[in-house]
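Start from chain A and add chain B according to the hints.
These protein sequence lines are chains A and B, in that order. Going by the numbering used here, the first sequence opens with residue 107, and the numbers climb by one from there. Going by the numbering used here, the second sequence opens with residue 107, and the numbers climb by one from there.
Honestly, the hints are just simulated from the structure, not real lab data. Quick caveat: nothing in here was measured; it's all calculated off a predicted structure. One thing to keep in mind: the hints can contain errors.
Copies of the same chain are indistinguishable here, so a pair counts whether it falls within one copy or spans any two.
[Claimed, not checked] Under the rule of at most 30 angstroms between Cα atoms (straight-line distance), these lysine-lysine pairs were calculated in the DSS-like manner:
no. : residue 1 : residue 2
1   : K551      : K175
2   : K257      : K247
3   : K550      : K454
4   : K204      : K185
5   : K422      : K550
6   : K471      : K238
7   : K247      : K185
8   : K471      : K500
9   : K247      : K471
There are 2 protein chains.
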Amino acid sequence: MHFVIIGGDAAGMSAASRARRNAPDMKITVLEMTQDISYSACSMPYVLADEEGDMDALIMRTPAVFREKHGIDLRLGHKVEDIDPEARRVSGRDSEGKNFEVFFDKLLIATGSAASMPLIPGHDLPHVFVLKSLDDGRRVKAFIEEKRVKKAAIIGAGYIGLEMCEALTERGITVQLIRNAPEILPWLAPELSLVVEKALGEKGILINHGCTTERIEAHGSRLDICCTEACFDAEMVLMAIGVRPSGFLAKNAGLELGAAGAIAVNRSLQTSHPDIYAAGDCADAYHVVTGEKVWIPMALTANRAGWAVADHITGKPVRMEGVAGTGVFKIFDVEVARTGLTVQDARKAGFDPVEVVVKSYSRAKTVAGSRPVWVQMVGDRQSGRLLGVSMVGKDNEARRINAAAVALHARMRVADFSTADLAYAPPFSPVWDPLLVAANQLLKKL
Amino acid sequence: MHFVIIGGDAAGMSAASRARRNAPDMKITVLEMTQDISYSACSMPYVLADEEGDMDALIMRTPAVFREKHGIDLRLGHKVEDIDPEARRVSGRDSEGKNFEVFFDKLLIATGSAASMPLIPGHDLPHVFVLKSLDDGRRVKAFIEEKRVKKAAIIGAGYIGLEMCEALTERGITVQLIRNAPEILPWLAPELSLVVEKALGEKGILINHGCTTERIEAHGSRLDICCTEACFDAEMVLMAIGVRPSGFLAKNAGLELGAAGAIAVNRSLQTSHPDIYAAGDCADAYHVVTGEKVWIPMALTANRAGWAVADHITGKPVRMEGVAGTGVFKIFDVEVARTGLTVQDARKAGFDPVEVVVKSYSRAKTVAGSRPVWVQMVGDRQSGRLLGVSMVGKDNEARRINAAAVALHARMRVADFSTADLAYAPPFSPVWDPLLVAANQLLKKL
Numbered sequence: 107m108h109f110v111i112i113g114g115d116a117a118g119m120s121a122a123s124r125a126r127r128n129a130p131d132m133k134i135t136v137l138e139m140t141q142d143i144s145y146s147a148c149s150m151p152y153v154l155a156d157e158e159g160d161m162d163a164l165i166m167r168t169p170a171v172f173r174e175k176h177g178i179d180l181r182l183g184h185k186v187e188d189i190d191p192e193a194r195r196v197s198g199r200d201s202e203g204k205n206f207e208v209f210f211d212k213l214l215i216a217t218g219s220a221a222s223m224p225l226i227p228g229h230d231l232p233h234v235f236v237l238k239s240l241d242d243g244r245r246v247k248a249f250i251e252e253k254r255v256k257k258a259a260i261i262g263a264g265y266i267g268l269e270m271c272e273a274l275t276e277r278g279i280t281v282q283l284i285r286n287a288p289e290i291l292p293w294l295a296p297e298l299s300l301v302v303e304k305a306l307g308e309k310g311i312l313i314n315h316g317c318t319t320e321r322i323e324a325h326g327s328r329l330d331i332c333c334t335e336a337c338f339d340a341e342m343v344l345m346a347i348g349v350r351p352s353g354f355l356a357k358n359a360g361l362e363l364g365a366a367g368a369i370a371v372n373r374s375l376q377t378s379h380p381d382i383y384a385a386g387d388c389a390d391a392y393h394v395v396t397g398e399k400v401w402i403p404m405a406l407t408a409n410r411a412g413w414a415v416a417d418h419i420t421g422k423p424v425r426m427e428g429v430a431g432t433g434v435f436k437i438f439d440v441e442v443a444r445t446g447l448t449v450q451d452a453r454k455a456g457f458d459p460v461e462v463v464v465k466s467y468s469r470a471k472t473v474a475g476s477r478p479v480w481v482q483m484v485g486d487r488q489s490g491r492l493l494g495v496s497m498v499g500k501d502n503e504a505r506r507i508n509a510a511a512v513a514l515h516a517r518m519r520v521a522d523f524s525t526a527d528l529a530y531a532p533p534f535s536p537v538w539d540p541l542l543v544a545a546n547q548l549l550k551k552l
Numbered sequence: 107m108h109f110v111i112i113g114g115d116a117a118g119m120s121a122a123s124r125a126r127r128n129a130p131d132m133k134i135t136v137l138e139m140t141q142d143i144s145y146s147a148c149s150m151p152y153v154l155a156d157e158e159g160d161m162d163a164l165i166m167r168t169p170a171v172f173r174e175k176h177g178i179d180l181r182l183g184h185k186v187e188d189i190d191p192e193a194r195r196v197s198g199r200d201s202e203g204k205n206f207e208v209f210f211d212k213l214l215i216a217t218g219s220a221a222s223m224p225l226i227p228g229h230d231l232p233h234v235f236v237l238k239s240l241d242d243g244r245r246v247k248a249f250i251e252e253k254r255v256k257k258a259a260i261i262g263a264g265y266i267g268l269e270m271c272e273a274l275t276e277r278g279i280t281v282q283l284i285r286n287a288p289e290i291l292p293w294l295a296p297e298l299s300l301v302v303e304k305a306l307g308e309k310g311i312l313i314n315h316g317c318t319t320e321r322i323e324a325h326g327s328r329l330d331i332c333c334t335e336a337c338f339d340a341e342m343v344l345m346a347i348g349v350r351p352s353g354f355l356a357k358n359a360g361l362e363l364g365a366a367g368a369i370a371v372n373r374s375l376q377t378s379h380p381d382i383y384a385a386g387d388c389a390d391a392y393h394v395v396t397g398e399k400v401w402i403p404m405a406l407t408a409n410r411a412g413w414a415v416a417d418h419i420t421g422k423p424v425r426m427e428g429v430a431g432t433g434v435f436k437i438f439d440v441e442v443a444r445t446g447l448t449v450q451d452a453r454k455a456g457f458d459p460v461e462v463v464v465k466s467y468s469r470a471k472t473v474a475g476s477r478p479v480w481v482q483m484v485g486d487r488q489s490g491r492l493l494g495v496s497m498v499g500k501d502n503e504a505r506r507i508n509a510a511a512v513a514l515h516a517r518m519r520v521a522d523f524s525t526a527d528l529a530y531a532p533p534f535s536p537v538w539d540p541l542l543v544a545a546n547q548l549l550k551k552l
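Same shape as in the complex, but just chain A:
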């Protein structure tokens, strides 16, 4: 059997290695359009924050390992331009301009996602960056260092935008955050997003809410970033308004698209063609709370899906339970974590959501170092189910969110979750964990 994989990042390389483990004799080919595979994209802000940081240190395993140790035919600089499901053929062009074609028995599309770039005037200036691929990271790093950037603008305030606020500030760069919505992290309750906004302000980040960027103008090494109401000057712009699934190859091949334009897959990660799979940021997934399709691109999902594809094509049973939408990030000393649905999500999904926002503490008040932590918890009035949790805190407690994520996987009711025997010792928690405090309050409203 010939297993062909388009894309050599998290999902693709996980699938390739696992397929090799499962089937020592399988012919496995990976077609990757860039020169980089298997790197920790999520770590790029941390490398950029560090003057000594090395982007190449983010490469988890080198091509040589995959080729020599795992016997995988890994072809870099191979951009697939067409998938022909009938002929079981993918074709494209390599970095030297030569056409190639490869025939497959099973195909995995793991083309990931791409950073969104609004086509406003100036979006293509050499001072305007996105941060998605390792090459993007190298370019940002080189630009910062060569130009000795002192002032930057970040457009967008999602995970990447906020993480980069910290990274650039660490490098001594003044950061202006430009955002079209009126608030930071609109899925957070105001009490929680204010904590994030305050932390940004304290570190000197200039936040400009409600500014839709209309054009970027270059004046030598300086840029004017012009919104409806005002212009901001900077030496570089990071466009961080989000990502979108790279589903065009699949779409052109006539495969079905699903949530948010991602490639629709079933619980075995098969697309509408049973021998063609999709995994990672380009594919959709089931949400464990709603059972509906969603597109929530995350590294763990990609790794897990890559493994599952390899398992399925080698005859193992696979049933993807789905994602809970668990996410976490930090910005300076503030940690933000979430899992499951917000009230808005829940309403859209047909639930009758009830929410509480509680302020609690990270440790027993009697020990040093206890810091406030805010928990926002959503339950369903009809079924009593726990639907989602968001948290903001400052004391290494983002990992608490995992308890709620597991509860969502188990379809727990708030009443059941509130009885959980969570860990208590004064340096780690109050007697009632902040999640339990929230659950107890939510129970009163359900």
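Same frame as chain A, but now just chain B:
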């Protein structure tokens, strides 16, 4: 209705306040034999570690609050000596030696637990302490400071013994740990307990394994702690060999005892007499994994049970799901956490346990500050259920254990737990959370 509560700590005072909230007009009487109520006993080691520490700061709410704000008839120095279930009467003696008797409609026994003290020669010397009540804490603190203790012996290496190793070391006191078993924390796999032992050694704790203390001799201000093989000298001894439930009042009243001699209670916390409840360290509980009765005295369980008793006597439905045996503590920079069953527990309960021990990392390797973390995970070969997890780490990750605790409450199989969408960002976790790494390994062995 007259609700009488024996014992004014976690379970007792939680029950009293909640009963007042539920029933503004209820007559509530609390009989507490000491002069202290409602304090954070678990925090005592942290107060002792701190030269400026104030034991009285551990009092969560003062008697005045309960009396004046909540209208609770709180009687300190009232030691109950007898319960007459037929006559619905408790009687005893107050601190002035006066007899008292109180009639109840509903009674809660919340007499807690007592520190074990082996009756070896010298156990009653004034240099020999336990750490259980707030008065114990005050005595230890006063002794350390008045005698300017430079060398101490701790007998026993449970949570309290180990926490006190850190506390006394912080005060500049040389600590000798004397322990009759051949290893520290025998429920941990050797890889994990070695991490703890190494941390103790690095901080200068002298560990004496396999030493059964036979007698303690005083020579002026110095003590000889004599085991079979050797004697150790010190200026004070902390006896920390464990606690036992204070069930004698209940036993004398003819109430049924359960696990480990604790008072047997049903899922509504009723003893064998339906109008007499027991809650907190003196009562047993159901284990969520085995469904069997256990005695695992923990502060959260006591608080929760206190509330539940108040709910039940005021007509609300109560069904205690039980405990998972979740516990956590730190010793210097090492954190130890556990939930559920060990292999030994599991075998005793009739499971067919399989265990893995994995070493993973606290953060993505690509970011600074990643530290090793060891996870020991137990599953059942027959049902595939997750049975228990223990962890040792050094990077504020003990809170991860809660994800496993929730999985135990949900009776999850390892296969299900391994699909959980746990949080990933480089500063918090590798892509695969250490618990998922362990679950994936365990799956291969099940």
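Tested hints:
1. K551 with K175: The answer is between: 25 angstroms across copies meets 30 angstroms, while 57 angstroms in one copy does not.
2. K257 with K247: Intra 14 angstroms, inter 55 angstroms, cutoff 30 angstroms: intra-copy only.
3. K550 with K454: Answer is within; shortest intra-copy Cα gap is 24 angstroms, inter-copy 39 angstroms.
4. K204 with K185: within (10 angstroms within a copy, 92 angstroms between copies)
5. K422 with K550: For K422 and K550, only the inter-copy Cα distance (13 angstroms) is at most 30 angstroms; the intra-copy one is 45 angstroms.
6. K471 with K238: between (42 angstroms within a copy, 19 angstroms between copies)
7. K247 with K185: within (25 angstroms within a copy, 71 angstroms between copies)
8. K471 with K500: Answer is both: 15 angstroms inside a copy and 22 angstroms across each meet the 30 angstroms cutoff.
9. K247 with K471: This pair counts as between: shortest inter-copy Cα distance 20 angstroms, intra-copy 43 angstroms.
The earlier numbered hints are all upheld by this structure, with none contradicted.
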